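Q: Sequence:
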Amino acid sequence: AAVNEWVSVCWSPELSLFVAVAQSGTGNRVMTSPDGINWTIRTSAADNSWVSVCWSPELSLFVAVALTGTGNRVMTSPDGINWTIRTSAADNDWWSVCWSPELSLFCAVANTGTGNRVMTSPDGITWTIRTSAADNDWWSVCWSPELSLFVAVALTGTGNRVMTSPDGINWTIRTSAADNGWYEVCWSPELSLFVAVAYTGTGNRVMTSLYSKLDKGEDL
Numbered sequence: 001a002a003v004n005e006w007v008s009v010c011w012s013p014e015l016s017l018f019v020a021v022a023q024s025g026t027g028n029r030v031m032t033s034p035d036g037i038n039w040t041i042r043t044s045a046a047d048n049s050w051v052s053v054c055w056s057p058e059l060s061l062f063v064a065v066a067l068t069g070t071g072n073r074v075m076t077s078p079d080g081i082n083w084t085i086r087t088s089a090a091d092n093d094w095w096s097v098c099w100s101p102e103l104s105l106f107c108a109v110a111n112t113g114t115g116n117r118v119m120t121s122p123d124g125i126t127w128t129i130r131t132s133a134a135d136n137d138w139w140s141v142c143w144s145p146e147l148s149l150f151v152a153v154a155l156t157g158t159g160n161r162v163m164t165s166p167d168g169i170n171w172t173i174r175t176s177a178a179d180n181g182w183y184e185v186c187w188s189p190e191l192s193l194f195v196a197v198a199y200t201g202t203g204n205r206v207m208t209s210l211y212s213k214l215d216k217g218e219d220l
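Read the sequence shown against the numbering used here and you will find it ends at 220, with the numbers running on by one and no gaps.
Honestly, the hints are just simulated from the structure, not real lab data. Check before you lean on any hint, since a few could be wrong.
As the list claims (entries may be wrong) - Restraint ranges, calculated between C-beta atoms of paired labels, are given here:
| no. | residue 1 | residue 2 | range |
| --- | --- | --- | --- |
| 1 | Asn116 | Asp35 | 36 to 44 Å |
| 2 | Tyr211 | Glu14 | 43 to 51 Å |
| 3 | Ser192 | Ile125 | 29 to 37 Å |
| 4 | Pro78 | Gly36 | 33 to 41 Å |
| 5 | Asn28 | Pro166 | 36 to 44 Å |
Keep in mind the model is a prediction, meaning the values are calculated, not measured. A virtual CB, placed ideally from N, CA and C, is assigned to each residue, including glycine.
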């Protein structure tokens, strides 16, 4: 739909709609598609560097976060077409956002800021800064409903490029398998497995974390 730098896409089952956001473009940093084939440009709420978008079925709301902007690094939309700027909790470089249905909470992580590289929101509108476990370059965050756990991964840090939280507020550093530039993390309910990928490292650019019921003393 436009030759922008498209960096994030998500799907809304309820709207039967894909939404993608971009880092570049003039007033056109959102595009939507009902089928992944035919795309339509939508007017972005601001020409910020939008790098992550997610969907909340419970709120019927898309939320996108950005690396740039002054007090406006969040935008929301109920339909993917009409977007509204929201006040970000800090002008950090927000790289990733995800939604926890169980907590009714959005969580975003950043790679800039001092002790404040996490922000949360119950509605996508009002955002609150949370203390990050370390001032690493946090690049990706995901939620595990089965473990009731957020996991974030970072590009920087020494042996501490993973942090976890049960509530988005209290974060704990975890030992990363290697000091690679961890770029993305996701959760598989079927395999009870977190998988993260990196863009640095030699033959070791994937790390996994397997959850066993034995970890909590539960029956298998």
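Q: Hints broken by the structure, by number, lowest first?
A: Numbers 2, 4 - these are the hints that the structure violates, sorted from lowest upward.
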